[in-house]
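S.K.: Chains as they are written, first to last, in my numbering: chain F, 2 to 347; chain Z, 2 to 347.
Among these hints, one or two may not hold up.
Calculated pairs, PhoX-like style, for lysine-lysine (alpha carbon to alpha carbon, straight line, at most 20 Å) [stated by the list, open to error]:
no., chain 1, residue 1, chain 2, residue 2
1, Z, K265, F, K143
2, Z, K143, F, K113
3, Z, K218, F, K256
4, Z, K253, Z, K95
5, F, K143, Z, K143
6, Z, K218, F, K169
7, F, K102, Z, K218
8, F, K253, Z, K253
Take a look, some chain Z residues computed to stay more than 10 Å from chain F by CB distance [claimed, not checked]:
no., residue
9, N49
10, N106
11, E141
12, R189
Hints listed in this document are in silico derivations from the structure and should not be mistaken for laboratory results.
Yeah, the Cβ is synthetic: ideal placement off N, Cα and C, and Gly gets one too.
2 protein chains.
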Amino acid sequence: MKKDNLDDRKKKVLQAIVEEYINTAEPVSSGAISKGHGLDYSSATIRNDMAQLENIGFLDKPHTSSGRVPSAKGYRYYVHELLKEDNLSLEEIKYIQKKLKVKVNEIEDLTKAATTTLSEITHYTTVAVGPKSDKQIIEEIKFVSLGQRMLMVVIVTDTGLVKETIIKFDEDITDSQVDTLNNLFNTRLKGKPLSKIDKPMAEYIFSEVNYSVGIMKAIIEQINKIVDEEDNNIILEGAKNSFDLPEFKSMKVAKNFVNLLDAKDEMLQIFNSGDAEDINVYIGDDDDNSNLKDFSIITFKHTMGDKDLGTIGIIGPKRMDYAKVIAVMKYISKKINEDNNKKEGM
Amino acid sequence: MKKDNLDDRKKKVLQAIVEEYINTAEPVSSGAISKGHGLDYSSATIRNDMAQLENIGFLDKPHTSSGRVPSAKGYRYYVHELLKEDNLSLEEIKYIQKKLKVKVNEIEDLTKAATTTLSEITHYTTVAVGPKSDKQIIEEIKFVSLGQRMLMVVIVTDTGLVKETIIKFDEDITDSQVDTLNNLFNTRLKGKPLSKIDKPMAEYIFSEVNYSVGIMKAIIEQINKIVDEEDNNIILEGAKNSFDLPEFKSMKVAKNFVNLLDAKDEMLQIFNSGDAEDINVYIGDDDDNSNLKDFSIITFKHTMGDKDLGTIGIIGPKRMDYAKVIAVMKYISKKINEDNNKKEGM
DNA sequence: ATTTAGCAATCGAATATTAAGAGTGCTAAA
DNA sequence: TTTAGCACTCTTAATATTCGATTGCTAAAT
Numbered sequence: 002m003k004k005d006n007l008d009d010r011k012k013k014v015l016q017a018i019v020e021e022y023i024n025t026a027e028p029v030s031s032g033a034i035s036k037g038h039g040l041d042y043s044s045a046t047i048r049n050d051m052a053q054l055e056n057i058g059f060l061d062k063p064h065t066s067s068g069r070v071p072s073a074k075g076y077r078y079y080v081h082e083l084l085k086e087d088n089l090s091l092e093e094i095k096y097i098q099k100k101l102k103v104k105v106n107e108i109e110d111l112t113k114a115a116t117t118t119l120s121e122i123t124h125y126t127t128v129a130v131g132p133k134s135d136k137q138i139i140e141e142i143k144f145v146s147l148g149q150r151m152l153m154v155v156i157v158t159d160t161g162l163v164k165e166t167i168i169k170f171d172e173d174i175t176d177s178q179v180d181t182l183n184n185l186f187n188t189r190l191k192g193k194p195l196s197k198i199d200k201p202m203a204e205y206i207f208s209e210v211n212y213s214v215g216i217m218k219a220i221i222e223q224i225n226k227i228v229d230e231e232d233n234n235i236i237l238e239g240a241k242n243s244f245d246l247p248e249f250k251s252m253k254v255a256k257n258f259v260n261l262l263d264a265k266d267e268m269l270q271i272f273n274s275g276d277a278e279d280i281n282v283y284i285g286d287d288d289d290n291s292n293l294k295d296f297s298i299i300t301f302k303h304t305m306g307d308k309d310l311g312t313i314g315i316i317g318p319k320r321m322d323y324a325k326v327i328a329v330m331k332y333i334s335k336k337i338n339e340d341n342n343k344k345e346g347m
Numbered sequence: 002m003k004k005d006n007l008d009d010r011k012k013k014v015l016q017a018i019v020e021e022y023i024n025t026a027e028p029v030s031s032g033a034i035s036k037g038h039g040l041d042y043s044s045a046t047i048r049n050d051m052a053q054l055e056n057i058g059f060l061d062k063p064h065t066s067s068g069r070v071p072s073a074k075g076y077r078y079y080v081h082e083l084l085k086e087d088n089l090s091l092e093e094i095k096y097i098q099k100k101l102k103v104k105v106n107e108i109e110d111l112t113k114a115a116t117t118t119l120s121e122i123t124h125y126t127t128v129a130v131g132p133k134s135d136k137q138i139i140e141e142i143k144f145v146s147l148g149q150r151m152l153m154v155v156i157v158t159d160t161g162l163v164k165e166t167i168i169k170f171d172e173d174i175t176d177s178q179v180d181t182l183n184n185l186f187n188t189r190l191k192g193k194p195l196s197k198i199d200k201p202m203a204e205y206i207f208s209e210v211n212y213s214v215g216i217m218k219a220i221i222e223q224i225n226k227i228v229d230e231e232d233n234n235i236i237l238e239g240a241k242n243s244f245d246l247p248e249f250k251s252m253k254v255a256k257n258f259v260n261l262l263d264a265k266d267e268m269l270q271i272f273n274s275g276d277a278e279d280i281n282v283y284i285g286d287d288d289d290n291s292n293l294k295d296f297s298i299i300t301f302k303h304t305m306g307d308k309d310l311g312t313i314g315i316i317g318p319k320r321m322d323y324a325k326v327i328a329v330m331k332y333i334s335k336k337i338n339e340d341n342n343k344k345e346g347m
């Protein structure tokens, strides 16, 4: 494609505009970037470049006589081709290290700590979603009786996830029944992905015993609920920070934002689609009509060895401080994965 | 107090103004309520009453030449003295009944269902908080080992609460140690309030055995975390609905709202302070500077017999449809408590 | 004594007018 | 290829003007 052949100065101009706009949230004029940002030309020269950058769709003009604003395409080019890595300050590094030094009992603890820290440092809203249930291998299923008519089911997976739920019955359940449940479910499901615990599988397991319909139904229902919840669980952090951004002065944007946070499906889809081993950047489409159009999302996968432990991400305005966010993410990502692998090696 | 001696017409005028304002969100003029709302006077007469109602602080004037708006004091008088109960429609009753017919395994299930339903019917944001830990009696503490170095603690309370957490150790823990833990904690804590599980108590218990410091510390930490989480747990439902309200056009109000939702302490304080056996209404103070000032909160306690199962409430603009909200709450409250008592009787 | 009609006065909100200024695009010169 | 110069565009802010809703008060009516 022609448009990718930006000459050196045009690249600098685009970069300067994006960075200036990230800082000020105001349209950028030719004069504002004719000096500085590694440029030293007259505003007329810059103007020419800007016109061409607009032609090929990297810039937009809010109105005929005001400065330029990066288009979604412009942001994408900036992120993928022009972004120069930011360095974290020593304080930031110290802070992250401190916050991540949590005692990890469940994988959620670490995820939570990372999410909170990310939000605190960037001041954007952060989100974490767990690994999909088909990526998690069951290590153990344990039925524990809590009194005659109450049972707790605990499922432990290879990702360190421990999920449990309570089941109540209208009739008594005996210790030997509990033992049988433990045997049955473990032999059938250990080593299988979590998503395999579905209704058909449970019915199949129950076909081998003849418990009352009430008991079976209650167990199947609750176990399915675990899997379901696991696939739809989203952790949100620092949503209120976003309301300080200038773009939130527009009620439309604010509303899109709360709608976005509420649209779990849309969110899950984005969060589950990124590459592992990399920072993924989604930039809202200018002429999209979804809730996403005003926002960008940056995510990374959190892994242990080659196991997917879920995705952590950030939601902010398209005018986001990409350099900073990506730098923080890279650092946190590295740190987490280091910790995980140390732990694994023990 | 003099001001409480409103003559009949003034009461009607105040009521009409509040109701009109609830509907329209616009200042109410004398003309708008001179006919209807059980009134039939000239606007001049109403005007006189309005002036007096303003004098005694029940009404405010946004500016000299526009209609009146209820003050916080006016709302309070309206709610406590003038409110006429609303009736639910048959559909609403049917809907609530359907939604509350959930299988309750944990008390949270019912609370969640009630909270969601309340939000769906009123379109306001709803909140639920559990009973404080000092109101919950421990029925059982159970340690369950999940592999050599992982333990799960389950605490069951008289409110139907089942809380659990995972503890990981750096060293092995034996079956007999687990048995001892079970005995020790149960004999010491069964029948005691949940809040009694604090650091001193745990340390006292541990003084009777000599487990490694690592094990003891891990257990104490995690158990305390359960209690702590229980006291700070807030369920939020339908927050995004609020963004459709006209008052949210003001960015200041919107920001106060997200801040309020984030200020868990402030929230918990209000939610934990209401009377049992009643619907409690808090109306934000006009000249308060807290996040609350633009909002009202209506709560009720959710009980089983005389046990407090927590508080469910609604947060909305001061211009809230009190009649509707209170009617729905009363119905849901009655329904829940019926169900609970039926269950208890079984 | 209460209520109401009538009316001047007030003030906000909407609309129009103007002025100022920021920024562009283009042309012609450097 | 770059730049100075300048006319043109369009936004924003400031100012003025109009319009109408609503009030408060007074004097008349009930």
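S.K.: Each hint needs a verdict: does it hold in this structure or not?
M.R.: Hints and how they fare:
A hinted pair counts as satisfied when its Cα atoms are at most 20 Å apart, and K265 (chain Z) with K143 (chain F) does not qualify at roughly 35 Å. This hinted pair does not check out: K143 (chain Z) and K113 (chain F) have alpha carbons roughly 26 Å apart, beyond 20 Å. Between the alpha carbons of K218 (chain Z) and K256 (chain F) the distance comes to roughly 46 Å, so the proposed pair goes past 20 Å and is violated. A distance of roughly 38 Å separates the Cα atoms of K253 (chain Z) and K95 (chain Z); the hinted pair therefore is violated under the 20 Å criterion.
A C-alpha spacing of about 14 Å is found between K143 (chain F) and K143 (chain Z), which places the hinted pair at or below 20 Å, so the restraint holds. A C-alpha spacing of about 33 Å is found between K218 (chain Z) and K169 (chain F), which places the hinted pair above 20 Å, so the restraint is violated. A hinted pair counts as satisfied when its Cα atoms are at most 20 Å apart, and K102 (chain F) with K218 (chain Z) qualifies at roughly 16 Å. Proximity of K253 (chain F) to K253 (chain Z) is assessed by CA-CA distance (about 15 Å); at most 20 Å being required, the pair is judged to hold.
Look at N49 (chain Z): its CB is around 39 Å from the nearest CB on chain F, clear of 10 Å, so calling it non-interface holds up. At roughly 5 Å from the closest C-beta of chain F, the C-beta of N106 (chain Z) falls inside 10 Å, breaking its exclusion from the interface. The non-interface label for E141 (chain Z) is inconsistent with chain F: the shortest C-beta to C-beta separation is roughly 7 Å, within 10 Å. The beta carbon of R189 (chain Z) sits about 19 Å from the closest Cβ of chain F, which is more than 10 Å, so the claim that it is off the interface holds.
The structure is inconsistent with the numbered hints 1, 2, 3, 4, 6, 10 and 11, although it conforms to all the rest.
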